[in-house]
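J.: Using the sequences plus the hints, can you model the full thing?
Chains as they are written, first to last, in my numbering: chain A, 1 to 147; chain B, 1 to 81; chain C, 1 to 84.
Rather than coming from a laboratory, the hints here were simulated on the basis of the structure.
All figures in this text were calculated on a predicted structure; none of them were measured in a lab.
Check each hint, because a few of them may be wrong.
[What the hints assert, rightly or not] Label-pair distances were calculated between CB atoms; the ranges are:
hint	chain 1	residue 1	chain 2	residue 2	range
1	A	Cys16	C	Ala16	43 to 53 angstroms
2	C	Val14	B	Tyr10	51 to 61 angstroms
3	B	Thr75	C	Pro9	12 to 22 angstroms
[Claimed, not checked] So, partial list: chain B residues that the calculated Cβ filter (under 10 angstroms) puts toward chain A:
hint	residue
4	Asp51
5	Thr55
6	Val59
7	Val66
8	Arg77
Even for Gly, the Cβ is constructed at its ideal location relative to N, Cα and C.
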Amino acid sequence: MKSVGVSPIVRLACRCMARLIQIFALYVIFHGHYSPGGGFQGGALLAAAVILIRIGEGRPVSQVELSSSATLGIGSFGALLFGGVGLLALLGGGNFLQYDALPSFGLSPVGLHYWGILVIELGVALAVMAILVSIFDVLTEDDESEG
Amino acid sequence: MSSVIELLLYLLLIASALVAINVKDLLAAAVTTSVFSFVIAILFIEMGAVDVGFTEAVVGAGVLGVYFIMMILRTTRRTED
Amino acid sequence: MLYVVRDLPPRGDVEAPLHAKSSEVGSPAAGTYYIESSYKDAGTDNIVTVVLADYRGFDTFGETVVVFAAGAACLLILRGRRRS
Numbered sequence: 001m002k003s004v005g006v007s008p009i010v011r012l013a014c015r016c017m018a019r020l021i022q023i024f025a026l027y028v029i030f031h032g033h034y035s036p037g038g039g040f041q042g043g044a045l046l047a048a049a050v051i052l053i054r055i056g057e058g059r060p061v062s063q064v065e066l067s068s069s070a071t072l073g074i075g076s077f078g079a080l081l082f083g084g085v086g087l088l089a090l091l092g093g094g095n096f097l098q099y100d101a102l103p104s105f106g107l108s109p110v111g112l113h114y115w116g117i118l119v120i121e122l123g124v125a126l127a128v129m130a131i132l133v134s135i136f137d138v139l140t141e142d143d144e145s146e147g
Numbered sequence: 001m002s003s004v005i006e007l008l009l010y011l012l013l014i015a016s017a018l019v020a021i022n023v024k025d026l027l028a029a030a031v032t033t034s035v036f037s038f039v040i041a042i043l044f045i046e047m048g049a050v051d052v053g054f055t056e057a058v059v060g061a062g063v064l065g066v067y068f069i070m071m072i073l074r075t076t077r078r079t080e081d
Numbered sequence: 001m002l003y004v005v006r007d008l009p010p011r012g013d014v015e016a017p018l019h020a021k022s023s024e025v026g027s028p029a030a031g032t033y034y035i036e037s038s039y040k041d042a043g044t045d046n047i048v049t050v051v052l053a054d055y056r057g058f059d060t061f062g063e064t065v066v067v068f069a070a071g072a073a074c075l076l077i078l079r080g081r082r083r084s
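T.: Structural data, given as structure tokens:
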């Protein structure tokens, strides 16, 4: 995707829309406790915003946004964040992903459930975003090397 | 009134699916697949499953359409059969 | 299949067996339990989020791992073909 052939109107629209989509994605992730939405949907929206920047602005700008080499690492981090919360509960003497057994920082069991759900939603969002962007990268990689 | 709109959405769903599997131009097929995903997302939301409809709209109509168009740009636009 | 579909309860039917307090053999139904106790257990309004992330957390973990594995496989196959 070279940015040469893209018209300024499309570039400006991509630039504005991507920020709006990112803000909406963060809202979807963090407001998932009260309204429809959650990690998967928010992560897909974040990936859509990054892909929109990759299409509209071209490689050099979008690599600053989210580097291609970092996507797999971020994806692993998201999945491991989810598994880490589960294992932490296991270490605390409960079952896998039993939030009551997490180390409580002055929180009630209900509060532990609340924050545990938020952390694993973040993990899902990071994993989904990174994987969708990395698939897009690997699909468009050849166009770059050929110019 | 609501059931009329629902019937229209179902008809649009079937029409877009038939177009997507019958059309020769792969780019048109990709776009109609996105239309199919969007209509089915609206139907999900109308039935009360907002979460499923949300996911379908973002992944099916947005990201998957981009993937299909990327693959068409890298390969050929015409089908063999 | 169409013959069986006629016997299903209409959408949004409160009297449907799915929304009963207990099933026909007397065991408590899962859906009613979630609706009654999800806010007390997790302090979260959205029942879907509580079911996905709390009661059925292991399923969601599996889903995340499947998405990650699919992406990694895609990456390996496409990159590997390019090298050779």
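J.: Give a verdict on every hint.
T.: Hints, verified against the model:
About 46 angstroms separates the C-beta atoms of A:Cys16 and C:Ala16, a value consistent with the hinted range of 43 to 53 angstroms. The hint said 51 to 61 angstroms for the Cβ distance between C:Val14 and B:Tyr10, and at roughly 25 angstroms that hint is violated. Distance hint check for B:Thr75 and C:Pro9: the Cβ-Cβ separation is about 47 angstroms, which falls outside the suggested range of 12 to 22 angstroms. Hint status for B:Asp51 relative to chain A: holds, with the closest Cβ pair at about 5 angstroms, below 10 angstroms.
The interface hint given for B:Thr55 holds, since its Cβ lies 5 angstroms from the closest Cβ of chain A, which is under the 10 angstroms cut-off. Using the Cβ-Cβ criterion of 10 angstroms, the hint placing B:Val59 at the interface with chain A is satisfied: the shortest such distance is roughly 5 angstroms. Checking B:Val66 against chain A: minimum C-beta separation of about 6 angstroms stays under 10 angstroms; hint holds. At a threshold of 10 angstroms, the smallest CB-CB gap from B:Arg77 to chain A is about 16 angstroms, leaving the interface hint violated.
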